[in-house]
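Residue numbers (the working numbering), protein chains in the order written: chain H, 1 to 391; chain Z, 1 to 391.
Hints are computed from structural coordinates only; laboratory data are not their basis. Being a predicted model, the structure only gives us computed values, none of them experimental. Don't take every hint at face value.
To be verified - Below, in silico cross-link-like pairs of lysine-lysine (DSS-like), each with a Cα-Cα straight-line distance of 30 Å or less: (1) Z/Lys57 x H/Lys374; (2) H/Lys321 x Z/Lys57; (3) H/Lys19 x H/Lys147; (4) H/Lys326 x Z/Lys78; (5) Z/Lys78 x H/Lys342; (6) Z/Lys57 x H/Lys326; (7) Z/Lys57 x H/Lys354; (8) H/Lys354 x Z/Lys147; (9) Z/Lys342 x H/Lys208; (10) H/Lys131 x Z/Lys354; (11) H/Lys57 x Z/Lys57; (12) H/Lys147 x Z/Lys321; (13) H/Lys388 x H/Lys19; (14) Z/Lys342 x H/Lys354; (15) Z/Lys321 x H/Lys57; (16) H/Lys57 x Z/Lys342; (17) Z/Lys354 x H/Lys78; (18) Z/Lys195 x Z/Lys208.
Unchecked claim - Taking CB as the label site, the calculated pair distances span: (19) H/Asp313 x Z/Leu130: 41 to 49 Å; (20) H/Asn330 x Z/Ala386: 48 to 56 Å; (21) H/Leu143 x Z/Gly32: 42 to 50 Å.
Said to hold, decoys possible - Which residues of chain Z face chain H? A few of them, derived with a C-beta cut under 10 Å, are: (22) Met90; (23) Gly94; (24) Leu329; (25) His350; (26) His351; (27) Glu357; (28) Leu358; (29) Gln362; (30) Leu363.
Ideal Cβ positions, reconstructed from N, Cα and C, are used throughout, including at glycine.
2 protein chains.
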Amino acid sequence: MAKMNYPDFKFTITHRDPKTKARVGLLETPHGTIETPNFIFCGTKAALKGVTTAQAKEAGVDIILSNTYHLLLQPGGKIVEAHGGLHRFMGWEGPMLTDSGGFQIFSLGHGSVAGEIKGRRSTPWGKSTLKITEEGAIFRSYLDGQKVFLTPERAMQTQRELGADLVLVLDECTPFHSDKAYTERSMHLSHRWEKRSLAEFARTHTGKQALYGIVQGGVYPDLRKESAQFVASEAFFGQAVGGSLGGDKDQMHEVVAMAAEHLHPERPTHLLGIGGLSDIVNGVTLGMDTFDCTHPTRLARHGGALIDPEFADGRPHLNLKNARFKEDLNPLDPTCTCPTCKQFTRSYIHHLIKAGELLSGQLLTLHNMAYMMKVARRIREGIKAASKVMG
Amino acid sequence: MAKMNYPDFKFTITHRDPKTKARVGLLETPHGTIETPNFIFCGTKAALKGVTTAQAKEAGVDIILSNTYHLLLQPGGKIVEAHGGLHRFMGWEGPMLTDSGGFQIFSLGHGSVAGEIKGRRSTPWGKSTLKITEEGAIFRSYLDGQKVFLTPERAMQTQRELGADLVLVLDECTPFHSDKAYTERSMHLSHRWEKRSLAEFARTHTGKQALYGIVQGGVYPDLRKESAQFVASEAFFGQAVGGSLGGDKDQMHEVVAMAAEHLHPERPTHLLGIGGLSDIVNGVTLGMDTFDCTHPTRLARHGGALIDPEFADGRPHLNLKNARFKEDLNPLDPTCTCPTCKQFTRSYIHHLIKAGELLSGQLLTLHNMAYMMKVARRIREGIKAASKVMG
Numbered sequence: 001m002a003k004m005n006y007p008d009f010k011f012t013i014t015h016r017d018p019k020t021k022a023r024v025g026l027l028e029t030p031h032g033t034i035e036t037p038n039f040i041f042c043g044t045k046a047a048l049k050g051v052t053t054a055q056a057k058e059a060g061v062d063i064i065l066s067n068t069y070h071l072l073l074q075p076g077g078k079i080v081e082a083h084g085g086l087h088r089f090m091g092w093e094g095p096m097l098t099d100s101g102g103f104q105i106f107s108l109g110h111g112s113v114a115g116e117i118k119g120r121r122s123t124p125w126g127k128s129t130l131k132i133t134e135e136g137a138i139f140r141s142y143l144d145g146q147k148v149f150l151t152p153e154r155a156m157q158t159q160r161e162l163g164a165d166l167v168l169v170l171d172e173c174t175p176f177h178s179d180k181a182y183t184e185r186s187m188h189l190s191h192r193w194e195k196r197s198l199a200e201f202a203r204t205h206t207g208k209q210a211l212y213g214i215v216q217g218g219v220y221p222d223l224r225k226e227s228a229q230f231v232a233s234e235a236f237f238g239q240a241v242g243g244s245l246g247g248d249k250d251q252m253h254e255v256v257a258m259a260a261e262h263l264h265p266e267r268p269t270h271l272l273g274i275g276g277l278s279d280i281v282n283g284v285t286l287g288m289d290t291f292d293c294t295h296p297t298r299l300a301r302h303g304g305a306l307i308d309p310e311f312a313d314g315r316p317h318l319n320l321k322n323a324r325f326k327e328d329l330n331p332l333d334p335t336c337t338c339p340t341c342k343q344f345t346r347s348y349i350h351h352l353i354k355a356g357e358l359l360s361g362q363l364l365t366l367h368n369m370a371y372m373m374k375v376a377r378r379i380r381e382g383i384k385a386a387s388k389v390m391g
Numbered sequence: 001m002a003k004m005n006y007p008d009f010k011f012t013i014t015h016r017d018p019k020t021k022a023r024v025g026l027l028e029t030p031h032g033t034i035e036t037p038n039f040i041f042c043g044t045k046a047a048l049k050g051v052t053t054a055q056a057k058e059a060g061v062d063i064i065l066s067n068t069y070h071l072l073l074q075p076g077g078k079i080v081e082a083h084g085g086l087h088r089f090m091g092w093e094g095p096m097l098t099d100s101g102g103f104q105i106f107s108l109g110h111g112s113v114a115g116e117i118k119g120r121r122s123t124p125w126g127k128s129t130l131k132i133t134e135e136g137a138i139f140r141s142y143l144d145g146q147k148v149f150l151t152p153e154r155a156m157q158t159q160r161e162l163g164a165d166l167v168l169v170l171d172e173c174t175p176f177h178s179d180k181a182y183t184e185r186s187m188h189l190s191h192r193w194e195k196r197s198l199a200e201f202a203r204t205h206t207g208k209q210a211l212y213g214i215v216q217g218g219v220y221p222d223l224r225k226e227s228a229q230f231v232a233s234e235a236f237f238g239q240a241v242g243g244s245l246g247g248d249k250d251q252m253h254e255v256v257a258m259a260a261e262h263l264h265p266e267r268p269t270h271l272l273g274i275g276g277l278s279d280i281v282n283g284v285t286l287g288m289d290t291f292d293c294t295h296p297t298r299l300a301r302h303g304g305a306l307i308d309p310e311f312a313d314g315r316p317h318l319n320l321k322n323a324r325f326k327e328d329l330n331p332l333d334p335t336c337t338c339p340t341c342k343q344f345t346r347s348y349i350h351h352l353i354k355a356g357e358l359l360s361g362q363l364l365t366l367h368n369m370a371y372m373m374k375v376a377r378r379i380r381e382g383i384k385a386a387s388k389v390m391g
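Looking at chain H on its own, in the form it has when it is part of the complex (with noise of 0.2 Å):
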């Protein structure tokens, strides 16, 4: 294994659940110590959808994400360059993460699972991906129809524009369909492809970044633990299981499983695009530090709220478009000191939703923030609880 150092990054297991693989840590960076496990709200095209930094922190938020792939297209890495990165640019202080652009060039190139079932086409353009070769991936823009030919490199070099804290290699996240045999061919090529990205990255490394593996491999077993070993073996500060995790709930958790077994013990490990509340919670019990998903800013922007299912009959939220909010006077959720439910009640969030004003979004994404970081810190207390019990 080639070394690496990442001086200004350090990643420290403070607790150990003694029953299951979970535990709590805590991830330095040059922006900032967060605790983990955490997660990571997703601001795609470098905002918050609806929400300011400012309104965020506020809200608790600790750490966010970037879309490599929708900044690449607009504004482009040199114009984030020149603000001196996201951070500046989007006035975000805390740690920040970038994926590399992969995933959202194959999952619109593929089309997602319901894309499929529904015959969706993904772009203007039909399927957007072009050609996979070994060098990389020719897509079109989404945004105009031009071709972009994305490397290891060139996502490193995005990257380094971008000037996250913790940053992704580039690999090629097969569709949810793929045989064996097109998913093994696909992660020996991903895995070429990481080592280019880690090449890349030590090359132009200032130790101001942090690059994650990623583990592919599919729902297989065999592959996914090659994947896993693979990734554990590299230079790499942390390590992210990506790809097809299977088509629901229980092979989700069987597919995690299979990588976590096999994945380095120490490092920050990063489970992508997960966010639903059992699967965080499945995913931590399985070695997972951090989570990310557009479900909770964009259950916002669609009327929900996130709450505990003791307060809402049993579902894991309120619709607050629902005409029997009309007259509730109560707080969306009555546990909650965020900004929203501190000022607003029920009624007032319904009446925004029927009145057409954007602000139902923007005062339900603060709530659903703060739900977030609240189920994070509970699962924290959970771990450290048990960790203080078993001695």
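We have chain H; now place chain Z onto it with these hints.
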């Protein structure tokens, strides 16, 4: 003149410009004191479009308004009253004004000047004002087409439920094209409605709200004089200049001057629906104390940043959609200390607009709010300086 006490309200003129009718005043309300001249921002449906009240406060906003017409239809006055009024409902602790609903009924009913020119229908149900009688106005709800009957008494009752500090009488707002005979009949109807508004207000007087009369009379000097004298003679706390102010800026200046000459000299005076910078300056010299307009916040949602013309090639705003801002690392306004200008570049705002991120509207709204407050502050400082010079 019937007596009416407003013990929790006070308007004190502290400085006068020796050359014009411009003055600086302190307007005291149960929710705080503002200095005038000042600008009232529109929170039409109990929401400042796209920004929270906390953000508006941080941007320096002193006073906001909501529209009785919209809130009467959705969510209805009773729901707001159950919250303890608009302040609690929408989370605003400072002074607030509500209009009577008249302007929207008649502007939607008669259609706007632009709508008249373009032959535009105001609602899916055509002209929405169905009938104006001595008793009140019957109109169709823009939400569901239901018939609604608004009388001076109901306008006051709804404003009691809404609970704003400053409230307005119901008037008929005549359209731009009205001839003198119609304008005169309409003005006299408004005067009778204003008396009924005042009687209903007196009947339910709590001391926590203060009533403004409205001067009508269209573009006709003798009618404006008669109306201003009528309003000045009644037991209103404040007075507003409304109705058709003419077809262009020069005529508006003349019409406001006609009214101003006969208004009560010591009462706080509001110019309804006017917010262009030169119009505000003109209005101030005629003795107007407060102004409201959707322009600054609407402009923001369309990508416009208010800025002193010397920083914008002589124009009153920058259009951030323009590609020339793509790589512009300057803040919107180099002299501005608002949260947006402290943190973000023109390039970032341009990127947000290009990327379809509504955050652009939010950040520009905060800047435009701060800008309008700066303009109001400069006007006050100018009057204070002039008053001192004259000793």
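Going down the list of hints, with the structure as the test:
1. Distance hint between Z/Lys57 and H/Lys374 is fulfilled; the C-alpha atoms sit about 28 Å from each other, no more than 30 Å.
2. Pair hint H/Lys321 plus Z/Lys57 holds up; C-alpha atoms about 28 Å apart against a cutoff of 30 Å.
3. Of the pairs offered as hints, the one joining H/Lys19 and H/Lys147 is violated, with about 51 Å between alpha carbons and a cut-off of 30 Å exceeded.
4. For a cut-off of 30 Å, the pair hint linking H/Lys326 to Z/Lys78 stands: about 11 Å separates their Cα positions.
5. Restraint check for Z/Lys78 and H/Lys342: satisfied, since their Cα atoms lie roughly 22 Å apart, inside the 30 Å limit.
6. Between Z/Lys57 and H/Lys326, the direct Cα distance comes to roughly 27 Å. Compliance with the 30 Å bound is thereby established for this hinted pair.
7. Using a Cα cut-off of 30 Å, the hinted pair Z/Lys57 and H/Lys354 holds, with the two alpha carbons roughly 25 Å apart.
8. With a CA separation close to 19 Å, the supplied pair H/Lys354 and Z/Lys147 stays within the 30 Å bound.
9. Distance restraint check for Z/Lys342 and H/Lys208: the Cα-Cα separation of roughly 25 Å lies within the 30 Å cut-off, and the hinted pair is therefore satisfied.
10. As the CA atoms of H/Lys131 and Z/Lys354 are separated by approximately 28 Å, the hinted pair is consistent with the 30 Å bound.
11. Among the hinted pairs, H/Lys57 with Z/Lys57 is consistent with the structure: their alpha-carbon atoms are about 18 Å apart, no more than 30 Å.
12. A threshold of 30 Å between alpha carbons decides the hint, and for H/Lys147 with Z/Lys321 the separation of about 25 Å falls inside it, so the pair holds.
13. Pair hint H/Lys388 plus H/Lys19 holds up; C-alpha atoms about 12 Å apart against a cutoff of 30 Å.
14. Of the supplied pair hints, the one linking Z/Lys342 and H/Lys354 is violated, its CA atoms being roughly 34 Å apart against a limit of 30 Å.
15. In summary, the hint linking Z/Lys321 to H/Lys57 is supported, as the alpha carbons are separated by about 28 Å, within the 30 Å threshold.
16. For a cut-off of 30 Å, the pair hint linking H/Lys57 to Z/Lys342 stands: about 17 Å separates their Cα positions.
17. Distance hint between Z/Lys354 and H/Lys78 is fulfilled; the C-alpha atoms sit about 16 Å from each other, no more than 30 Å.
18. For a cut-off of 30 Å, the pair hint linking Z/Lys195 to Z/Lys208 stands: about 20 Å separates their Cα positions.
19. Our hint of 41 to 49 Å for H/Asp313 and Z/Leu130 holds, since their Cβ atoms are close to 43 Å apart.
20. Hint check: H/Asn330 to Z/Ala386, Cβ distance near 53 Å, so the stated range 48 to 56 Å holds.
21. Our hint of 42 to 50 Å for H/Leu143 and Z/Gly32 holds, since their Cβ atoms are close to 47 Å apart.
22. Satisfaction of the interface hint for Z/Met90 is found here, the shortest Cβ-Cβ separation to chain H being roughly 7 Å, below the 10 Å cut-off.
23. Contact between Z/Gly94 and chain H, as hinted, is not supported at the beta carbon level, the nearest pair being about 14 Å apart and thus beyond 10 Å.
24. For Z/Leu329, the suggested interface contact is upheld, since its CB lies about 6 Å from the closest CB of chain H, less than 10 Å.
25. Hint status for Z/His350 relative to chain H: holds, with the closest Cβ pair at about 8 Å, below 10 Å.
26. For Z/His351, the suggested interface contact is upheld, since its CB lies about 4 Å from the closest CB of chain H, less than 10 Å.
27. Interface hint status for Z/Glu357: upheld, as the beta-carbon distance to the closest one in chain H is roughly 4 Å, under 10 Å.
28. A hinted interface residue such as Z/Leu358 counts as satisfied when its beta carbon comes closer than 10 Å to some beta carbon of chain H; here the least separation is about 6 Å, so the hint holds.
29. The criterion of a C-beta within 10 Å of any C-beta in chain H is met by Z/Gln362, whose closest approach is roughly 7 Å, and the hint holds.
30. Annotation: interface hint on Z/Leu363 holds; nearest CB of chain H at approximately 7 Å, less than 10 Å.
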